[in-house]
Amino acid sequence: MNAPNASGWRPAMGDVSDAETALVTASGDRALQLEEKLIFELGRPGTCGVDMDEPVGEVLPGLAPFLRKAPLALPGLSEPETVRHYTRLSRQNYAIDLGPFPLGSCTMKHNPRLNEKAARMAGFADLHPLAPQQTARGAYEVIEQLANWLVTLTGMDSVAMTPKAGAHGELCGLLCIKAALDARGDDRRIILVPESAHGTNPATAAFAGFAVENIPANADGRVDLAALTARLGPDVAGVMITNPNTCGLFERDMKAISDAVHAAGGYVYCDGANFNAVVGKVRPGDLGVDAMHINLHKTFSTPHGGGGPGSGPVVLSAALAPFAPLPFTRRDADGVIHLVEEVDAAAFGHSQTFGRMAAFHGQMGMFTRALAYILSHGADGLRQVAEDAVLNANYILRSLEDVLHAPFGKAGPCMHEALFSDDDLPEGFTTLDIAKGLIDEGFHPMTVYFPLVVHGAMLIEPTETESKDGLDRLITSLRSLAARARNSDPSLKSAPHFAPRRRLDETLAARKPVLVWREAVAAGE
Amino acid sequence: MRYLPLTPAERADMLGVSGVASVDALFEDVPAAARLPGTVPGLPMHASEMAVERHMAALAAKNVAAGAAPFFLGAGAYRHHIPASVDHLIQRGEFLTAYTPYQPEIAQGTLQVLFEFQTQVARLLGTDVANASMYDGSTACWEAIAMAGRVTRRNKAVLSGGLHPHYTATASTMARFTGDALNVLAPELSATPDDATVIAAIDGETSCVVVQYPDVLGRIPDLAAIAEAAQVKGALLIAIVTEPVALGLIEAPGNLGADIVVGEGQSIGVGLQFGGPYLGLFGCKEKFVRQMPGRLCGQTVDAEGRRGFVLTLSTREQHIRREKATSNICTNAGLCALAFSIHMTLLGGEGLAKLARLSHQAARRTADALCVIPGVSVLNKAYVNEFTVLLPRSARDVVRDLADRGVLGGVSLARLYPGEVALQNALLVCTSEMTTDQDITALSSALSEVLEGVAA
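Protein sequences appear in the order of chains F and Z.
Last residue of the first sequence? That's 525 in this note's numbering, and every number before it is there in order.
Last residue of the second sequence? That's 1456 in this note's numbering, and every number before it is there in order.
If you are wondering where the hints come from, they were derived from the structure by calculation, not from laboratory data.
Warning: the hint list may mix true and false statements.
As the list claims (entries may be wrong) - Keeping only pairs whose Cα atoms sit at most 25 Å apart, straight-line, the calculated SDA-like set for lysine to any residue is:
{"id": "1", "chain 1": "Z", "residue 1": "Lys1285", "chain 2": "F", "residue 2": "Pro75"}
{"id": "2", "chain 1": "F", "residue 1": "Lys69", "chain 2": "Z", "residue 2": "Ser1022"}
{"id": "3", "chain 1": "F", "residue 1": "Lys117", "chain 2": "Z", "residue 2": "Ala1034"}
{"id": "4", "chain 1": "Z", "residue 1": "Lys1285", "chain 2": "Z", "residue 2": "Gly1305"}
{"id": "5", "chain 1": "Z", "residue 1": "Lys1156", "chain 2": "F", "residue 2": "Asp187"}
{"id": "6", "chain 1": "F", "residue 1": "Lys512", "chain 2": "Z", "residue 2": "Thr1315"}
{"id": "7", "chain 1": "Z", "residue 1": "Lys1062", "chain 2": "F", "residue 2": "Gly335"}
{"id": "8", "chain 1": "Z", "residue 1": "Lys1285", "chain 2": "Z", "residue 2": "Ala1224"}
{"id": "9", "chain 1": "F", "residue 1": "Lys410", "chain 2": "Z", "residue 2": "Thr1315"}
{"id": "10", "chain 1": "F", "residue 1": "Lys255", "chain 2": "Z", "residue 2": "Gly1042"}
{"id": "11", "chain 1": "F", "residue 1": "Lys512", "chain 2": "Z", "residue 2": "Gly1042"}
{"id": "12", "chain 1": "F", "residue 1": "Lys468", "chain 2": "F", "residue 2": "His405"}
{"id": "13", "chain 1": "F", "residue 1": "Lys468", "chain 2": "Z", "residue 2": "Met1001"}
{"id": "14", "chain 1": "F", "residue 1": "Lys117", "chain 2": "Z", "residue 2": "Ala1069"}
{"id": "15", "chain 1": "F", "residue 1": "Lys410", "chain 2": "Z", "residue 2": "Arg1415"}
{"id": "16", "chain 1": "Z", "residue 1": "Lys1381", "chain 2": "F", "residue 2": "Pro61"}
{"id": "17", "chain 1": "F", "residue 1": "Lys37", "chain 2": "Z", "residue 2": "Arg1092"}
{"id": "18", "chain 1": "F", "residue 1": "Lys117", "chain 2": "Z", "residue 2": "Gly1375"}
{"id": "19", "chain 1": "Z", "residue 1": "Lys1324", "chain 2": "F", "residue 2": "Met121"}
{"id": "20", "chain 1": "Z", "residue 1": "Lys1062", "chain 2": "F", "residue 2": "Lys37"}
{"id": "21", "chain 1": "F", "residue 1": "Lys255", "chain 2": "Z", "residue 2": "Ala1034"}
{"id": "22", "chain 1": "Z", "residue 1": "Lys1285", "chain 2": "F", "residue 2": "Leu38"}
{"id": "23", "chain 1": "Z", "residue 1": "Lys1324", "chain 2": "F", "residue 2": "Pro407"}
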């Protein structure tokens, strides 16, 4: 089906008519494929799905000048309509619970339900962040226990727990570096970032007020040590290195990089997005890292929730620890855990803190989940996590490298993710076609077109919670897609055929943004 | 280990396919000196589900849950009843275990929710558009200040004394590193907010003026007057709403002329959770949309002309623009946005108005009960569901004494403003539709008790 659509846009599709018939249902639904209107089309003013008492009495006279002039125009739905609306919508999503989700660098592993249960215990879920300290000791203990695990697993000096997500953790680490430089009166402004870095790295450096310079990769997909060393100097504040890197490779020279950066007076930030590949096997502290964020939603399996919330604690070296943000927990000589805030930072010997980077104390709901995950695995289970994640990725790499080009496949094993390029795809077929074909096969696609150092990148991260059977099915489907591309099967160009939607017109969305529902917009359809 | 599906036989088989003799060979790129020979020392081994559940329950039991005591805390985190269907729906695996909707054909559920969420938030805040959410209110507040800098090409911001001190502190941290100039006005214990001082602080170099509404003391600033003054000087007004339920009763900031409205969405659907994860709401005028931070969901059509939704305007974002992005933010608060949206759908506009009204009436009853205690007075001329109480002695001590009597009586300004001597005796008291008459009686009797013998 490649006729122009309602906006006049014609998708990039092969010259083929779909096999499906033109059968149309009166409802627009097709059996279990259910369409769903917007709540603004379903709801009615005055409907409410919550029973409440009738308010009694007048509003405070002083409030009168501030009252709403017109009622808030939001439709409501009854409870059954609400449950049905969101349940129907949920069925238009792919999710880990439905099948393999091999999105490279994103670490889509199973989310244990015990963790959800723990986070919902009333003592955690129904606890106010400013509750009097004597009523929140158990919460401080969760933070303290998780902090201890993170520090021990990474071999670092301390950890800042407040960052709200990975990118926020990067910001925390860079602010620690900046505060450390300020403290010694050093005005270094440059952060070096490899070409293969996540986009958040350069964006964070800029957000923190640094200038960014790229350093190239060498032929085997790793940081070019010579180029990096040559660039070091009195203007370089530090480097941001992802290890294992976004090509799925361990940076063999990490210790040498750290030593060179330190010798030149800079600091080493490690993007810990891929820590799941080495957790329990390697301590970043042994490699000279000064700061590293840990995405609890990746390595420690707090749910991704359709795009957040994340959580990004940052482990710190002794050199950066004095600058860590407020608040944090500290156990005193009597074993009592205190929450150290602005009022007592100096009393706890932390007067060099760079300050507060968010309200309250971080993503507590993620801490309880991550702690339950960590305790379940223990030191032995976490080591097995890394080993199985790496084994699964290598199994994928070796099972596909004869049909998809693996740019670094000859150089040795990969870590937790297998990287392919579009080099072996025939003229006219792209990485995007393989990804969309995988949707029809019943899988979530891999990460595509990232990292940027490989043309048409396909980054496959199976994670340790994928069974061999799941991997074999994924491999079979990818081999089939590669064969279809080799045979120039035009139906692959128009995939997906079986998803709730066909390819969507992203150009139209950006050219004429419709970001909120309006009656007029709906009427114009 | 119950979460790891591979069997020993499968592992052996797969190592063969991988062309290595042992799993250690897969880690050959790690320098030998950095490879741990066994498990990380000093940590316990794996535990059963039952054992972990027991461990977590024991920790939870050391806390006093808000529902276990008369409860009057607010100050940026609010406790409203969350209908059971909200928590049920957000635990559907298709929402809980999905990722950012980068493959829109199989993520229309999340995307349509975000489109509905953006519409609900824009209408609630009174803005033309809203994004798909930020980490929380405090970080979104700094993002708004940074955005105002991009829009006006100025870098001097005025922060009202009524702004939550954690928000002020977050902005101050960032400004220290970016070189932005913040004029942070001092908090004042007065019955009405000092709007005149805010207005007087705006000059021709001001990028934005940041005003909380209702403010941290529960008072309500005159946003329309501040918006007008800002506009005259070419500055933007950023309104901060930490308790969005209040907007069921008082006018939306966007309707009063605010250019950017930032909210903490936690009080609708998300829950207290000891401070996070929360939900940053972010709305603005349509003309500023390309300077907005964060993800945006937009409507489009698919190849067959059917309505669908995609993430859009991503050329603002870090994964495309890298160091030139409008923000470094990557995630939003997807699942919290879903919870907010479901709760808002259940409530509708009229339900939210009722909720605000009930919370307000509980505040009036609480204020009336506390005022009669000798030495106690209410500061505010106006409030919605949170107000400031002046006590005859240190509020921090009073909060501790009340907690010892099983009452969670409020948040002391001493905790929020440790250096401000003039604020030490002030207590923030907050109510909601969950506040009962028994709770109010418990608070007033406990407060009378702990103040007994203190000279007024």
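Index of numbered hints that the structure contradicts, given in increasing order: 2, 3, 4, 9, 11, 15, 18, 19, 20, 23
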